[in-house]
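Here's the letter readout for the chains.
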Amino acid sequence: MSAVTTSFPNPAAEWRLPYRGKVAMACLIIAESAIFTIFVVAYLFYLGKSVTGPTPREVLETPIFYTICLLSSSLTIHLAAKCLARGIGFAFLGFWLLTIALGGLFLYGTAREWYRLIYEHGLTISTNLFGTTYYSLVGLHAFHVTAGLIMLVTVAVFGLSGRVGEKHSGRINVLSMYWHFVDAVWVVVFTVVYVLGR
Amino acid sequence: MVSNAIPIPGTQIEARPWVDELHQWVTTVDHKRLGILYIASALMFLAIGGVEALIIRIQLMRPHNDFVSPEVFNRMFTMHGTTMIFFVAMPVLFGFANYLVPLMIGARDMAFPRLNAFSFWLSFLGGLLLYFSFVGGSGLYGAGSAPDVGWWSYAPLGARAFSPGHSSDYWTLALLVSGFGSIGTAINIIATILCLRCPGMKINRMPLLVWMNLVMAGMVLLAITPLSAAQIMLLIDRYLGGHFFDTQAGGSAVLWMHFFWIFGHPEVYVLIIPCFAFTSEIIPVFSRKPIFGYPVMVAATVCIAFVSMSVWAHHMFTIGMNSYANSFFTLTTMAVGVPTGIKIFNWIGTMWGGRIQFKTAMLFSIAFLFQFLIAGLTGIMMAASPFDWQLSLSYFVVAHFHYVIVGGILFALFAAFYYWYPKMTGRMLSERLGKLHFWLFLIGFHMTFDVMHIPGILGMPRRIYTYEPGRGWDTLNFIITIGAFIQALAILVFLANLVISYVKGARAGNDPWDAWTLEWSISSPPPAYNFATVPTVASRRPLWDLKHPEDPDSRYE
Amino acid sequence: MPRKTSTLRFLAQTILLLFWPAMTVWASDPKGSSSNGTNIFAPASTPAKSIADLSVFVLVITGIIFVVVLTLLLYSVIKFRGRATDAGREPAQVYGSTQIEVAWTIIPILVVVVLFLATARVIHAIQDAPEPAGTLDVIAIGHQYWWEFRYPKLGIVTANELHIPVSDPSHPTPTFVQLLSADTDHSFWVPELAGKTDLIPNHPNRMWMDPQRTGVFLGQCAQYCGTQHAKMLLRVSVDGPEDFAAWVRAQQNLAVEDTGAIAGKRVFESNACMNCHAVAGTAADGRFGPDLTHLMSRTTIGAGAAKNTHDNLRLWIQDPSAIKPGSLMPAMKLSDADLDAVVSYMETLR
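Residue numbers (the numbering used here), protein chains in the order written: chain A, 1 to 198; chain B, 1 to 557; chain C, 1 to 350.
Next comes chain A alone, as it looks inside the complex (with noise of 0.2 Å):
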């Protein structure tokens, strides 16, 4: 036999499981989040053990703008999902490329941070240990917000295209978890590096 019934005790109860999307970007979220306190861990543990070179303080200037811009983008985000699942498709692309733009604003806030402490201060990731931990964390961090940014982009010319609609809400979701998550990380790296590591 290649079917197996039995009877079931309440055949039209409905018979509901979580979606698998977002048991997915779950389950990604907490790979990656093992991987970040990996990278933590080693910035804490270094801290003050550079033998040489400049250290947090006499370098680092705490981004602020730069932090509110990416944080928002969180809030923009979710705001573009809500619009999506009602339907609202221009403000949901409206709402979407505000996205795109703050997370890129970030991307550039800390492209001209590192040229500042390469070219100002001549801090390297070889230069001490502060500066091998500091550009692996914010490396690593600025490395997911750009391959986020890469895949809300791609949506983003699906969507101008028209090709995004209602029934893409659930997958929309997913990756705006994801950007919740980037956002996240950038909360405890920021304390980690700039408030705790001074």
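Since the hints were made in silico from the structure, they are not lab data.
Careful: at least some of the hints might be erroneous.
[Claimed, not checked] Listing some non-contacts, in silico: residues in chain B with all C-beta distances to chain A over 12 Å:
(1) Ile187
(2) Ile190
(3) Ile262
(4) Thr378
[To be verified] Result set (PhoX-like, lysine-lysine): computed pairs, CA atoms no more than 25 Å apart in a straight line:
(5) A/Lys22 x B/Lys202
(6) B/Lys435 x C/Lys333
(7) B/Lys435 x B/Lys547
Even for Gly, the Cβ is constructed at its ideal location relative to N, Cα and C.
Got chain A sorted already, so can you dock chains B and C onto it with the hints?
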């Protein structure tokens, strides 16, 4: 491959040209085929890793032997360990999970079939990359080619200064790449189990194999990633001038150890928990009773998963942690033995009062229990950190972990092969060859790994390409080597059985073992779509309910 | 195969296997547990003895657990084996038992508590031991592939063979060793004197031993450190008080000045030897390789790779990789005359 197409009466199916068949296999996203690909690639690497082991054993057969140079020997033990853990054990277990989990939950396929294929090929590519190092790398002081820093690549031995050339990079990249494949598979397994169960299969009605693969996949997410992070850091050190593990710049060699073992310890539970899964399916069927204490088995597995995240530094008892840290890890390591022991008791409880059938799969499972018990007890010995200050880094440890991996994992895997090969191929494996395989392997295994504990007690460290005569290690090493060859012979018998039975084995039918989980309700091998209609279940043993409608499990759960 | 025979064979196999290790131990060590030289159960010093005692306790407990569980396993395999007459009938389907589960959870927890408490005491006793007044301080520095030993308060620098005084329990004179590394990770393991402790760069460690009988104790590096990890051997010579004092005095002397070896000394100083090796009282003060001031007081060369004989010494200097391939000392490619001269010079360094 026995065709799994549905024959339409009155038509003839043409044999496909082999190129087409190959193309089907390379582009498949079907969980059953990917499962078989995982298992086949693991068997290939098992043979290669086994040859590396034999080279090690021949060199150590007598003191001051010169079968291989120290450079080659150091490459052999590094590659043997790396291959067996990452390209044999993990893939074969992912392979079985891939094959069985969707079938056991009544699903059509895994949640993300394309991710599944991608993960397999990443994993396989990692293996090929590692072995390319024989040609492309160059080891310590340029005297070798494949990586030779041990499978843990301790800092600073793995740094540019002590490992010039690229052999270390092959180790790092191969594991990084296959690590991402593992994470992909873990995500897939979790999503499949949480989202694709058939109606009626509540979380506490899943077969134990499904539960344990769920726990294993969760652990993979948290265990593999620290290794990936550490390897990224190592690459930054080696290529970008970073100082993560550069002790001259204030970096810490101990930090690498922590990161590695935060991966390394949960990793061994990632390997053993699916083997618990096999045992939990096979022992009940051949004892003709349900598993004793299903909820406790689930709870114990989850407990093991959590506690095992807190024991990692028992691999570091000799590095000079203070007495409080050593005491803490002693306590947690001993504690993890409690849920593990509970599971052994439950398996014995399953056999108790049963009617045991000594098929080959059951023989391997019983041997697993015996050997896993011993392995666990030698683990408890080493959990006592002062005892470990003597036993660590010696052949006692090597004996212990081979007891777990070969005596535990490999035996459970053999049991799984004998049990599910009929389902996968539609043919029974030969019981005669199976019993020959079992007894040969049992003798060889014990000859090697029982004896191996003794040189450790007599002071023989590990990872040495030769040793001094007159330490009392000579005869023991000789016996160990003989046992290794007997095991090799047994593996050949096993491989022969796989091939011969595929051609000449008895036809299996749907349910050769009179078992109770959903995979036995469909044909052997299953059709591509698995289930013609989505099954609905009301208990943990849906087929028992069908076969015993007067006394279904659903009445008692 | 009839089931009964297969079970009997299984039983016989198991019993054989249980006795196998015991038989092999006996076979390999006819003198009993007094030593192959590196037997962890032949302790000669307090840390090693504490460990051995704890180990016996742990072995007894795990042995009892093993016997109990094995008995249950064998009993169930034998008593509940299926018979031909069973075909078609299923046994009683038992799903579990809460009382039994509670019992076999509580008992292991108690075992763990007992084991842990016994262990914690020993951890503390060994690791947090104070240094009494008569302590000898030694600094051990691990190199690829040799051991550097310094006695800071005695002004001694030597290599590979450690001399320490015997310790009388009533007036203990233990040796406390600080463990450092010049390159990669190593591990100091002399089983009959103490458990092993690693030498890790940038991570100083400490271990101690108080041997209570004289003699030579063997050991070797236990943490894989590179190509010649296998031949980084240790010799610890535990000397009585007079012998130790004599050894110290001899080691504190500058190098013997033997006019008959001037030619060799010149070869030594004009080739690159001085860059790596030190000979106290001469211009040679290299630290990369072992101190050679009292080379002839050592029984082996190459960290135990070969006996310290004329021929071995000559071969070593000519081409270290003939004895220890992968050693970091390069082949000096001396002419035969120079080689003989420098070996003669080495042989004056008593």
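Taking each numbered hint in turn, which are not upheld by the structure, reported in ascending numerical order? 1, 2, 3, 6 and 7
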